[in-house]
Every structure is written in structure tokens, then in C-alpha cells.
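Novice: Letter by letter, the chains look like this.
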Amino acid sequence: MKAVEAMNVSKKFGSIIALDGVTVSFNNGVYGLIGPNGSGKTTFIRIMLGLQKPSSGKILVFDKDPFYSHGQVCSLIGYLREKCAFPKWVTGIEYLKHVSRLKRVEFDKNVLTYPIVKGGFLTRKISTYSAGMIQRLGLIQALIGNPSLIVLDEPSTNLDPLGRIELIELIKKIKNGNKTIVVSTHILEDLEQICDFIIVMKRGRIIAKDNLEKFVASFSSDGTLANAYARVMENA
Amino acid sequence: MLDLNLENIRWEFKKLLIFPIPEIVIVSMIFNGTLVLPSIIVLSEGVYVYSFVKNILHSIILYTFMVQGVTIGVMAATIFAYEREAGILDTELVYSRSRTELFVGKFTALFLVGIIYFFTVVLMLIVYNLRGSWLIESVSSLISLCLPMLVQIIFIISLNIFISTISDKIVISILSSALTFYSLDNLLKYSNPQPGSFLYNIPPISTSAFLHVPTEAAGNLIVAFIISLCFLLVAYLYFTRFYEVK
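Just so you know, the sequences run in chain order V and H. Counting from 17, one number per residue, gives the positions in the first sequence under our numbering. Counting from 537, one number per residue, gives the positions in the second sequence under our numbering.
It is possible that some hints are incorrect.
Straight-line distance between alpha carbons at most 27 Å, and here's what the computed DSS-like set of lysine-lysine pairs gives [what the hints assert, rightly or not]:
#1 V:K125 x H:K550
#2 V:K195 x V:K141
#3 V:K104 x H:K551
#4 V:K141 x H:K550
Some residues of chain V that are not near chain H, with every Cβ distance over 12 Å (derived) [what the hints assert, rightly or not]:
#5 K18
#6 R62
#7 S85
#8 E110
#9 K188
Here are the computed distance ranges between Cβ atoms for each label pair [stated by the list, open to error]:
#10 V:S31 x H:L769: 24 to 34 Å
#11 V:N24 x H:T716: 35 to 45 Å
#12 V:G30 x H:V606: 29 to 39 Å
#13 V:N43 x H:E780: 23 to 33 Å
#14 V:K74 x H:K782: 18 to 28 Å
#15 H:I554 x V:D226: 41 to 51 Å
The set of hints was computed from the structure by calculation and includes no laboratory data. Here a beta-carbon is modelled for each residue, glycine too, at the ideal position from N, C-alpha and C.
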């Protein structure tokens, strides 16, 4: 069973084509989703998680249609939203417990030991959090229930340099043979350290997909992902 | 099969309880209580105490009649339109087993708040009636007051859920709900002028309507109830079939 299988998925907003016949599947591994602003990355993620409905085509997450019913598989998914937001009237821990109960899984206190949430801020009301703390809470709530599919949309937004390092370490720690992790970001240096596969999007289409080593070897002149990405965008 | 998660109801209910309802009640009580302050100078102490208590109780009843619609409207707008606008709803949609589960949780929480309002008013009326209130004279007049109130609560919740599910912004949701409410009132006024206004279903006006023209007042209630169910059904279908985050 594939974690995600998209078949010819398109999405239109009026006359704007956000996604244009995207066909891709995600198995185990860390996938880096990259592309310029407005290339359809976030739209694809939202369709993948059932937050938006495709205009045409079909998408399955663990063999289920994500829009109409996750059913049991909701506990297998973890999601960090771009510009994440949480109710401000509860503490971070209360929110994490709420997510556990929503997913019908036991609250695992081990998530509180990750360095990314150190400092004890989770016991405070979310209304007192800085933007970086909200992002850290967002990262941790995506890991509740040890999900098999983790989708991180711009995970390093608002994180300080140390936070970015902790994020990379966290992803390295949680990735294993059974997990599918999708990371959408513009920071290619981070992806080089954590990704197994790269998917490049432009104007709603996937213009390149390969594993990281092959992708860099095929397109880069200096051995970096940034250079390979620039070449692919030039040629597309 | 209805997949109910009690966590949804608990969470939404807790969320609604943080609204500053006690503050609003206290402010309206103080305001109404001070209306009788000038009488202190000319009246005896006993009359002052009586007037003050009477006005405080009256203000609670007035609050519940007049402001509950607005409060529940704002609550409905918050748990749908605002959460969509702020992006809070995204994770709830992803982590819930189905959209039905989420919708039922939000509706049930709002309905529980409405029921609390309902029993508060009934209790206050009983207390108030000890002073010989004109509102409750017999069991039939109590029913004529409570029944419209219950329908009114269901109507307000349904209308506001309907508007807030299709709205992108909380401000638009609240304004649209108020305008729709009064538009419906006007439409019903044209179709059935005596006592056709939907506002006749709102206590205490409904009490008078029930006592004087019970058949027509009951007809209005049935119409209001059917409209409520339609709003709720459309909101449910929209939320489960078409609702997308922005």
C-alpha cells in the first residue's frame, strides 16, 4: 500500500490553474517538494490531506479518499501547516493532548523530550508564544501518535538558526524504513541533509523527480542541490 | 454510521465557555440597576432594595432575550468562519476521522450552550415570578414563553452555522447572519402580516402572540422550525461535500 498516490490531479481556482495533471506516488522515505512561489506545492499538499478537493483526477492516501473520509487513517497522518495557527486559549500541552484524543491515540510524553520543544514553554498559554514557539509546537503536534505519513509545509519558517539545526536532527531521528515524510521548503541546504527524493514543481506541474543523489549528479555542475535546481528551472 | 468523537464536543464546548458572557451580564446588570439610582433620593430604603433587585433580574432576562442571539451568532461565526480564516480548522479537518464527526461536535457544543441559556431564562423567570412578574401567569403562559424560545435558539444556531460555513471572514459572517435574520422577518411580515413577523416568535413578543392568537403563533413556530432544519441540512451538506480551506 502506497502512502500517497496521485493520478492526474488538477486544481483550478477560477481561471487560474494551480495544479495541472500531477501524477506522483510517495512510498517510504523523505521527499523534498521544491519549486518557485505559486508553483502549486501547498495546493498539492492540501489536496493530499483532504483540505481541498481536486478539480479532476484522483488522489488516495493509504488507499482512502482524503476529502470525504480519512476513517481510521487519520491517526497515521501528521501535518504542519504553512503559517501554522492554534487556539490561543489553551497551553501547548493541552493542545497536544487534544490532538491525541482527536486521533484516538495515547498521548506519548516522549515527544516532550525532543530538543525542539525544550525550555518548558509548552506549559504556557499559546497566546504568549512567539512565532518560533508556535512553529515548534506545530512540529511536535505533527508527530503525535507516531504517524506513518508526515507532511511539513515550510517547517523552518520562523525558526532561529539553532531551531533549524534541531529540526534537521529531529527529521533524521524520526525517519526510518516505515515512514513517509514530505517536506515543502525553499531552503535547499536543509533538504540536502535530510531528503531521499526530490520533486520539483513549476506552474502546477512536476518537472523533475528523482532520488537526491541522481538528481544532483544529473543537473548540478558543482555538486549542490541549489545548482541542480537552478539548472532545472532554466531548462523547464 | 455516525462516527461520534466526544473529544470534539468537549473541545468545542470548552472553547465556547471562554466567551466573556459573565462580564456582559454583569455590565448589563449594573447598567440596568443604576437606572433606578435617582429613586434612592426620594424613596424609602425598602423600595430602593426592591427596585434594584427587580431591575437586576429584569436585566438578566432582557440580556438573555435580546443578547443571546448575538452571542450565539458570534460563537457560531467563531468556530467555523474565524477558524477557517485563522487556519486553525486545517489540523482539525486532517485529524478527524470524518467531516461529519467535526460538524456534529461543533453543532452539539453550540446547542448545549443554547440549552444552558434556555434553562437560565426559565430559572430566572421562576425566580422573577415570585415578585409577580407579568411574564408567567399560568402553565400555559410558561409554555407559550418557553416553546418559542427553544425554537428561537435552534433557529439562531442553524442560521449562524449555515452562514458561517459559507463565509470566509468572521465579520462578514456576523453581518450576513444579522441581515438574513431581519430579511426573513420582513419576508414573513409581507406574507402573513398579523402576526406574521418572525420576531413574533421571539419572547416576550411571542408570549403576547400566543396568548392572543395561539394558532397563528404556533404556525409561525412551525415555519421557523422547518426553516431551521433546512439551514442545518444545507450547512451539513456544504461542510461535508464542498467545504475547502483557504
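Novice: Beyond 12 Å from chain H, beta-carbon-wise, is K18 (chain V)?
Specialist: Nearest chain H Cβ is 19 Å from K18 (chain V), so the label holds.
Novice: Has the hinted range 41 to 51 Å been met by the Cβ atoms of I554 (chain H) and D226 (chain V)?
Specialist: For I554 (chain H) and D226 (chain V) the Cβ distance comes to about 50 Å; the hint holds.
Novice: Does the structure keep K195 (chain V) and K141 (chain V) at a Cα separation of 27 Å or less?
Specialist: violated, 32 Å
Novice: Check the following: the C-beta atoms of N24 (chain V) and T716 (chain H) are separated by a distance inside 35 to 45 Å.
Specialist: 40 Å Cβ-Cβ, so the 35 to 45 Å window holds.
Novice: Over 12 Å to the closest beta carbon of chain H is the bar; see if E110 (chain V) clears it.
Specialist: violated, 9 Å
Novice: Against the range 18 to 28 Å, how does the distance between the Cβ atoms of K74 (chain V) and K782 (chain H) compare: consistent or not?
Specialist: Cβ of K74 (chain V) to Cβ of K782 (chain H): about 23 Å, so the range 18 to 28 Å holds.
Novice: Can the restraint linking K141 (chain V) and K550 (chain H) be considered satisfied, given a maximum Cα separation of 27 Å?
Specialist: holds, 15 Å
Novice: Could you let me know if the closest chain H CB is still more than 12 Å away from the CB of K188 (chain V)?
Specialist: K188 (chain V) is indeed farther than 12 Å from all Cβ atoms of chain H, at 24 Å.
Novice: So the hint says 23 to 33 Å: do the beta-carbon atoms of N43 (chain V) and E780 (chain H) match that?
Specialist: Holds - the Cβ-Cβ distance for N43 (chain V) and E780 (chain H), about 27 Å, lies within 23 to 33 Å.
Novice: Checking one constraint from the list: CA of K104 (chain V) to CA of K551 (chain H), max 27 Å. Satisfied?
Specialist: Holds, at about 10 Å.
Novice: Mind verifying the non-interface call on R62 (chain V)? Its CB should be farther than 12 Å from each CB in chain H.
Specialist: violated, 7 Å
Novice: Mind checking the alpha carbons of K125 (chain V) and K550 (chain H) for me, to see if they're no more than 27 Å apart?
Specialist: Holds - the C-alpha atoms of K550 (chain H) and K125 (chain V) are around 23 Å apart, at most 27 Å.
Going down the numbered hints, you'll see the structure goes against 2, 6, 7, 8, while the others check out.
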